[in-house]
Amino acid sequence: FSDIKQLLYSTDWFVLNSSGKKCMEMVVMMADRPFVFHCNHIMQLDVESFKG
Numbered sequence: 001f002s003d004i005k006q007l008l009y010s011t012d013w014f015v016l017n018s019s020g021k022k023c024m025e026m027v028v029m030m031a032d033r034p035f036v037f038h039c040n041h042i043m044q045l046d047v048e049s050f051k052g
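Residue numbering for the sequence shown follows UniProt numbering, starting at 1 and increasing by one per position.
Everything labelled a hint here was simulated from the structure, so no lab data went into it.
Do not take every clue at face value.
Said to hold, decoys possible - In silico DSS-like cross-links for lysine-lysine, where the CA-CA straight-line distance does not exceed 25 Å:
| no. | residue 1 | residue 2 |
| --- | --- | --- |
| 1 | Lys21 | Lys5 |
| 2 | Lys22 | Lys5 |
| 3 | Lys51 | Lys5 |
Using the sequences and the hints given, assemble the complete structure.
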């Protein structure tokens with residue numbers, strides 16, 4: 001997810017309106033969190049599960 005943050009920062013984010021900037025800020029904050037999907041407490045899927 002660090003690639004997402006790098007890509008967003010390299011865009012022309014400074015020309016966006018305030019709503020667009022807030023949206024990009026939210027995506028950057030969410031990219032810092034690990035993404036884990038729980039399947040009915042039976043299985044846990046994360047990004048590493050799909051890299052294999």
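A quick look at each hint next to the structure:
1. The suggested pairing of lysine 21 with lysine 5 holds, with an alpha-carbon distance near 13 Å, which does not exceed 25 Å.
2. Distance hint between lysine 22 and lysine 5 is fulfilled; the C-alpha atoms sit about 14 Å from each other, no more than 25 Å.
3. Taken as a hint, the lysine 51 and lysine 5 pair is honoured in the structure, with Cα atoms around 19 Å apart against an allowance of 25 Å.
Going through the hint list in order, the structure satisfies each hint without exception.
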